[in-house]
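If you want the building blocks of each chain, they are given just below.
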Amino acid sequence: MIPDFGLGILAMAFIVSLFAVGAAIYGETAHKPRWVESARRAMLLTFPLVTLAALLLIYLLVSGRYDVEYVYSVTNNAMPSYLKVTALWGGQPGSLLFWAWLLAAFASAVTLRKWERDREFLPWVVVVASVTLAFFLALIIFFENPFARLWQTVDGVAAYTFQPANSLLVTPADGNGLNPLLRHPGMIIHPPMLYLGFVSFVIPFAFAFAALITGRSDDRWIRITRRWTLWAWLFLSLGLALGARWAYDVLGWGGYWGWDPVEIAALMPWLTGTAFLHSVIIQEKRGLLKQWNMMLIILTYDLVIFGTFLTRSGVLSSVHAFAQSAIGPMFFAFIGLTLVSSVALLIWRWPSLKAEVEMKSMLSREALFLLNNLLFIGILVVCFWGVIFPLISELATGQKVTFGPPFYERATAPLFGALMALMAIAPLSAWGHSTVRTLGRAIWKPAVIALAAPLATLAFGITNPVALTGFYLVGLVVTVTIYEFWRGARARQSAHQEGFLTALWTLAGRNRRRYGGYIIHIAMALMAIGILGIEVFQTETQKSLGVGESIELAGYTVHYDSLAQFAHTDGRWVTRAEVSIFKDGVFLQTLAPRYDVYPDGQPMTIAGVRSTLADDLYVLLVNWESVSASQAPFKVYHNPLVNWLWIGSAIFILGTIIAAWPEKERTATAGK
Amino acid sequence: MKSRNIFLTASGLLLLAALLSPPSGVQAQQPTPSDDEVNAIARQLYCPVCENTPLDVCPTQACKQWRDEIRLRLAEGWTEEEILQYFVDEYGARVLAEPPRSGLNWLAYIVPPLAFLAGAYLLFRAFRSWRALARQQAAEAAPPPATNGKDEYVARLEEELRKRG
Chain A
9 MIPDFGLGIL AMAFIVSLFA VGAAIYGETA HKPRWVESAR RAMLLTFPLV
59 TLAALLLIYL LVSGRYDVEY VYSVTNNAMP SYLKVTALWG GQPGSLLFWA
109 WLLAAFASAV TLRKWERDRE FLPWVVVVAS VTLAFFLALI IFFENPFARL
159 WQTVDGVAAY TFQPANSLLV TPADGNGLNP LLRHPGMIIH PPMLYLGFVS
209 FVIPFAFAFA ALITGRSDDR WIRITRRWTL WAWLFLSLGL ALGARWAYDV
259 LGWGGYWGWD PVEIAALMPW LTGTAFLHSV IIQEKRGLLK QWNMMLIILT
309 YDLVIFGTFL TRSGVLSSVH AFAQSAIGPM FFAFIGLTLV SSVALLIWRW
359 PSLKAEVEMK SMLSREALFL LNNLLFIGIL VVCFWGVIFP LISELATGQK
409 VTFGPPFYER ATAPLFGALM ALMAIAPLSA WGHSTVRTLG RAIWKPAVIA
459 LAAPLATLAF GITNPVALTG FYLVGLVVTV TIYEFWRGAR ARQSAHQEGF
509 LTALWTLAGR NRRRYGGYII HIAMALMAIG ILGIEVFQTE TQKSLGVGES
559 IELAGYTVHY DSLAQFAHTD GRWVTRAEVS IFKDGVFLQT LAPRYDVYPD
609 GQPMTIAGVR STLADDLYVL LVNWESVSAS QAPFKVYHNP LVNWLWIGSA
659 IFILGTIIAA WPEKERTATA GK
Chain B
18 MKSRNIFLTA SGLLLLAALL SPPSGVQAQQ PTPSDDEVNA IARQLYCPVC
68 ENTPLDVCPT QACKQWRDEI RLRLAEGWTE EEILQYFVDE YGARVLAEPP
118 RSGLNWLAYI VPPLAFLAGA YLLFRAFRSW RALARQQAAE AAPPPATNGK
168 DEYVARLEEE LRKRG
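These protein sequences, in sequence, are chains A and B.
Count the first sequence with our numbering and you get residues 9 to 680, in order.
Count the second sequence with our numbering and you get residues 18 to 182, in order.
Since the hints were derived computationally from the structure, they do not count as laboratory data.
Hints are not guaranteed to be accurate.
What the hints assert, rightly or not - Stretches of chain B that chain A covers, calculated by requiring three or more beta carbons in the stretch to come under 8 Å of a beta carbon on chain A:
| # | stretch |
| --- | --- |
| 1 | 51-63 |
| 2 | 119-125 |
As the list claims (entries may be wrong) - Just a sample of chain A residues kept apart from chain B, beta carbon distances all over 10 Å, derived:
| # | residue |
| --- | --- |
| 3 | Pro88 |
| 4 | Trp254 |
| 5 | Phe411 |
These figures come from a predicted structure and were not determined experimentally.
Yeah, the Cβ is synthetic: ideal placement off N, Cα and C, and Gly gets one too.
Using the sequences and the hints, build the whole thing.
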């Protein structure tokens, strides 16, 4: 009963969103505002409908209705209730429903804004949001129904939406349970954050599309969606950071980023989104790059859909899996359709989006921002090509090829380095016009101060050129950014006779986007320290130890003390070693690396980690080799400076929140 | 005649020995390779089943067998290149962390830098045309009043804050 009801509600939401599309187009083209209003209300209605469907699925998950195939595949009796709720995004159909629910929520929120100043955008924003929603609802209803039940037919047990002839409902006593790797707190929050980021980017795209179709060539659409875009970017960044932390904690290979296509799928819209966030500032300030901004937001939207497609269609395992999957071709068609229609619109409006002024100098702030865009797009090309090429190769030659970290690292490292250099130079350049002389005058002091970073590195006896260059760039970004805060506050201090701290506070409070952005730059520099630490200085060793034996690595001694094996109350079989960590003969602490085997045979490796600002000692009990109390294999990683990556990530999120936070005073002034 | 027979037998035995020996031609058995020596090679390999997981950290049984195979061949005295080549011959080029630089695979390495250079060139050309236009406009307009660098910065900052505040 409930499963049928849930599917019915989804079908209603699908029809309502199709109606919204039709009514909005008809109302706008036939000049009947009542139809547009009706479309707006239809859009609003989709939210309670999809919410109800999601709640019904959550109810089925929590109440253990194993006759529903999705409930059977992602939950079991042993799972606590909160995990059963999060199982909503633990599998394909639930994830798609969650995606649709977020979109319905955002689209409804947008329809509730005050539309007086830009009424002409409304119908087209509704059209874009509703088309996207209808697409996802269609995928759910026709191909990935989370409410399908298990039926016993003559051919065996299978999931069907409707009862097949001569069949009996099957209700298993227990379910399969969620993949243990997905039970980690990082993995519980990571997908919703990523999805929030993905889905939020639909809204700026909808406004861009509306601006194109209505022919409004000013920056109104950008101003309306500025904060949306920042929040979208925040969630995407948070999703990526949580994913990295999750990988570091539970995947057991001593790293945080493996250049896996699924990771890259989430990185690609982040890259274009970041380029977009920078280049819209040029449009706002100088009236330049209107066409380019349109291209970037179209690209970001389609990369969001493409990212979902990559992770959901099975195309990554093989092009043949893609052909066999029902939703793969649907996604492909949808991406093609949206891309072609938006690009056609852009070409149509191309002349009206010409720049209002010309760019004067190659060293002006806007020129450097454009260079930043080139670098981000350069990284995107490497990522896109690395993901796509194996498919091309498989289609052309029948041979699959692998693109592992060496390919991406070699190709993107110089680009990331150049981005760091730009982060240091651009804040010192002026809008409109800068010369080598003005820029040189502004940068020479920070450039000299920043030399302290590579000199300190040299003092530690490190002569690796990559590390020295990297640390110099980090030093330069941090110095320039702090200098910018100082310079702004001093200028304000002398102009308003304020105290330094008051001046700093007012400055940052009045221009949150700029100073939030600067905090993000400092965060990026700190993250770069962590990345350099692992990329350049990571060392590792593996050895099978008897009790009482030790491994040496990077000045540390890992001493194998004991091993315990026991059953956990939730059914896991835990194998837990205890090792003592010494440095230069001094005892530091005991670590307990372990691995758990879940009742369904799924293993999970949890490293024992000693973490400081200087380095992490990451000890794994290697579960893939034979383990016994007398002989256990350990893998030890020494990860210098990796903690700065997490510290940088936290500051990054803080900076983005500051940049995205609504500016009260401005709203008050605007209202006057 | 007898000496000829001895010669033939010896040649036959030598030939047999050459055929049976490992490809590197190393005769003696090596000491058991350490985990680190095995991992140094395993790190560069990807099994066809466990996508995007390097062999040195892959927990599956199949990957364990591959590592055992590496250990065995190292013990037999094979070099790193020979072992990598052996896996490529057996399972195809996809076992390598990067496609070999040959045939269609060249595209993998050439396209990103070419695309980047094309983008840089387009950007450079756009800059040049913009600058020419801006110079032309500037020549027609009156020169801006001379300002001290620092005052200009304060004025700009104030202007921005005034706009926002």
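Exercise. With a cut-off of 8 Å between beta carbons, are at least three residues of the stretch 51-63 of chain B near chain A?
Worked result: As far as the stretch 51-63 of chain B goes, the hint holds, because 5 residues have Cβ atoms under 8 Å from chain A.
Problem set entry | Exclusion check [Trp254(A) not at the chain B interface, CB over 10 Å] | Non-interface label stands for Trp254(A): nearest chain B Cβ at 15 Å, farther than 10 Å.
Exercise. For Phe411(A), is the shortest beta carbon distance to chain B beyond 10 Å?
Worked result: violated (7 Å)
Exercise. How does the coverage statement for the stretch 119-125 of chain B fare against chain A, requiring three or more residues with Cβ below 8 Å from a Cβ of that chain?
Worked result: Since 5 is at least three, the answer is holds.
For this session: Verify that the Cβ of Pro88(A) lies farther than 10 Å from every Cβ atom of chain B, and report whether the claim holds or is violated.
Result: holds (26 Å)
Hint check: a violation occurs at hint 5 only; the rest are consistent with the structure.
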